[in-house]
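Peer 1: Given the coordinates of chain A, assemble chain B onto it according to the supplied hints.
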Amino acid sequence: MSAALTLWNKHLTKLIARKEEAFGTLFQPILWIVLFGTGMAAVIGAESPDAKNAYITFMVPGIIALTAMTGAIEGGLTLLFERLQGIIKEYLVSPIPRPSILFGNALSTVSKSLAQASIILGVGLLMGAQFIGLDPLGWLGGLVLIIALGLGFAGIGLAVASKASSPGGYHMLIFMLTLPLLFLSNALYPIVSLPTWMQIGARVNPVSYGVDGLRQTLFDSGSSLAGGEFLPLWLCFVVVSVFAALGMILAYSSFKKSVK
Amino acid sequence: MANKQQNSIAIVAEKLVKKYGEGVLAVDGIDLSIRANTIYALLGPNGAGKTTTVNMLTTLFEPTGGSASVLGFDVVRQANDVRRNIGVTFQEMVLDEELTGRQVLDYHGRLYKLETAERKKKTEELLAIIELQEAADRMVKTYSGGMKRRLELVRGLMTEPKVLFLDEPTSGLDPQNRASIWQYIRSLREKGDLTLLLTTHYMEEAEELADIVGIIDHGRLVVEGTPRELIDKMGADTIRLAGTGDSDRYLKELQALPFVQSSVDTGGLIQIGVDSGNHRLPEVVTLATKNNFKIEDISVAKPSLGDVFLKYTGRQLRDK
Numbered sequence: 001m002s003a004a005l006t007l008w009n010k011h012l013t014k015l016i017a018r019k020e021e022a023f024g025t026l027f028q029p030i031l032w033i034v035l036f037g038t039g040m041a042a043v044i045g046a047e048s049p050d051a052k053n054a055y056i057t058f059m060v061p062g063i064i065a066l067t068a069m070t071g072a073i074e075g076g077l078t079l080l081f082e083r084l085q086g087i088i089k090e091y092l093v094s095p096i097p098r099p100s101i102l103f104g105n106a107l108s109t110v111s112k113s114l115a116q117a118s119i120i121l122g123v124g125l126l127m128g129a130q131f132i133g134l135d136p137l138g139w140l141g142g143l144v145l146i147i148a149l150g151l152g153f154a155g156i157g158l159a160v161a162s163k164a165s166s167p168g169g170y171h172m173l174i175f176m177l178t179l180p181l182l183f184l185s186n187a188l189y190p191i192v193s194l195p196t197w198m199q200i201g202a203r204v205n206p207v208s209y210g211v212d213g214l215r216q217t218l219f220d221s222g223s224s225l226a227g228g229e230f231l232p233l234w235l236c237f238v239v240v241s242v243f244a245a246l247g248m249i250l251a252y253s254s255f256k257k258s259v260k
Numbered sequence: 001m002a003n004k005q006q007n008s009i010a011i012v013a014e015k016l017v018k019k020y021g022e023g024v025l026a027v028d029g030i031d032l033s034i035r036a037n038t039i040y041a042l043l044g045p046n047g048a049g050k051t052t053t054v055n056m057l058t059t060l061f062e063p064t065g066g067s068a069s070v071l072g073f074d075v076v077r078q079a080n081d082v083r084r085n086i087g088v089t090f091q092e093m094v095l096d097e098e099l100t101g102r103q104v105l106d107y108h109g110r111l112y113k114l115e116t117a118e119r120k121k122k123t124e125e126l127l128a129i130i131e132l133q134e135a136a137d138r139m140v141k142t143y144s145g146g147m148k149r150r151l152e153l154v155r156g157l158m159t160e161p162k163v164l165f166l167d168e169p170t171s172g173l174d175p176q177n178r179a180s181i182w183q184y185i186r187s188l189r190e191k192g193d194l195t196l197l198l199t200t201h202y203m204e205e206a207e208e209l210a211d212i213v214g215i216i217d218h219g220r221l222v223v224e225g226t227p228r229e230l231i232d233k234m235g236a237d238t239i240r241l242a243g244t245g246d247s248d249r250y251l252k253e254l255q256a257l258p259f260v261q262s263s264v265d266t267g268g269l270i271q272i273g274v275d276s277g278n279h280r281l282p283e284v285v286t287l288a289t290k291n292n293f294k295i296e297d298i299s300v301a302k303p304s305l306g307d308v309f310l311k312y313t314g315r316q317l318r319d320k
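Each protein sequence line maps, in turn, to chains A and B. Residues 1 to 260 (this note's numbering) are what the first sequence spells out, left to right. Residues 1 to 320 (this note's numbering) are what the second sequence spells out, left to right.
If you're looking for bench data, these hints aren't it; they were derived computationally from the structure.
Below are the SDA-like pairs computed for lysine to any residue, each with C-alpha atoms no more than 25 Å apart in a straight line:
id, chain 1, residue 1, chain 2, residue 2
1, A, K89, A, L15
2, A, K257, B, G65
3, B, K113, B, Q133
4, A, K52, A, T38
5, A, K14, B, L114
6, B, K141, A, F23
7, A, K257, B, G66
8, B, K148, A, I87
9, A, K89, B, R119
10, B, K113, A, S2
11, A, K256, B, Y20
12, A, K256, B, R84
13, A, K256, B, Q91
14, A, K14, A, Y91
15, A, K89, B, K141
16, A, K19, B, V140
17, B, K19, B, D217
18, A, K89, B, R178
19, A, K14, B, E98
20, B, K148, B, Y202
21, A, K14, B, Y107
22, A, K163, A, L92
23, A, K256, B, S67
24, A, K89, B, P45
25, A, K257, A, S100
26, B, K19, A, S254
27, B, K120, B, Y184
28, B, K148, A, G86
29, A, K89, B, L71
30, A, K256, B, G23
31, B, K113, A, Y91
32, B, K148, A, L77
33, B, K122, B, R138
34, B, K120, A, Y91
35, B, K19, A, L92
36, A, K257, A, S166
37, B, K120, A, L5
38, B, K141, A, L77
39, B, K121, A, W8
If we strip away everything but chain A, and leave its shape as in the complex, we get (with noise of 0.2 Å):
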């Protein structure tokens, strides 16, 4: 544990000495609910106040399950440069779990989606979603919803980062494995909106429940646009928990077979 806390404060470190990137990876979620949540929100009509902040209600979650996985792309990016600098070689022939290798990595990629998460929020409560309010246990729920879908995101990313030969190759693998996650679900576009073969999927997509999971937990769900029933919430806990463990299983045996 006190090496995955030195590798996530190294990580953390550097990303702070690097301005722009830290600028950037505080701004972009901004980007993305004022551009994207007002352009969406005219897309489908919802023009009266009440309506658009219902839109807007529905898309924070949403947009908080992208940038968890935008954060766990970069991730894996750290790690796959960590690799072909040999930077890991460092780590390897110390007296480290290796595990904490990517458990370092996957802890400074939730911290940051956390930070995101809380832009994103308090962007989203000035747009006008509507919250819960002061009720600790949804806040609570929302907090493990959001670092368990970081972690599985991340998860994919380094398992990807263990295996790539290159930056290029790494980015054209993981954009095939994370888009499908992300538009497949219900967390851009309500489920009842799309084609039925599209529906199958976003069932199947644990970022679905995720992100349902955060709009019971943090959210009024009076305004939901779900359209018909909610995923249940018991589900989207033990879903997202599955898919967290899952993702960080398929990165350790990725990273075991690329570090023999």
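Peer 2: Leaving out everything else, chain B in the frame of chain A:
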């Protein structure tokens, strides 16, 4: 205690083999037995298997066959015990360029769970040794090649290892930086309680630094000994001379001398192997005068490690 240390063996390899994929034998059965508190140089051309050997000894790769141990710990079964006790400098630059020099050392210490106070103390001490205090809070990416290499070398010492591995420590450095790193490596030896295994493809480096040199070629250890032993085994001195006159007749007369063991005339440059260069020089010169051969240049040379290498591998080291 100290005596016991000196006589013990720090690094052992038995029939160590590393095979990559189908049939590429990078290391083909290497045996090593390296005494504690010595500097051992693995000398060989690029691709000879030096780095692969080091990677197995430092637990980075598992051997395909054979076994190895460092300080008595098996490199596979007790890898973590090995890791706790070694320092490693890799062949290629392995530095986080977006950290400062001080941070590089500090994070390294943290990975080995050094206490904060100890890390601080050690960091300052090492920065002073490599004269990097002024640049210590600058990003590593602003450093020159020599500065980076020095930083890497001392990073391996943060944790006070018993065994230090240096893979091509001066590869790609200019002569000035190389000299300063040699000096630094020599100073390490004086501190005691440190066994050093370095790989190199520079003859002079092995000759300058090593107590024992092992020549490695095609994944095998072909010969091993102190630099002196290896060179002395070559036996005779070489006299090289150039001049004008009837070189054919002169060479014939030279060959008739009892102490001339070999001779070769490569277009004006005559090279003879003799039992003792300094003693035989006057006779060689007298004979030239007798034959009206005018010597313009003459030298006596000891065989070098390069000649040793040539003898055992049948080729020159590939680089200059």
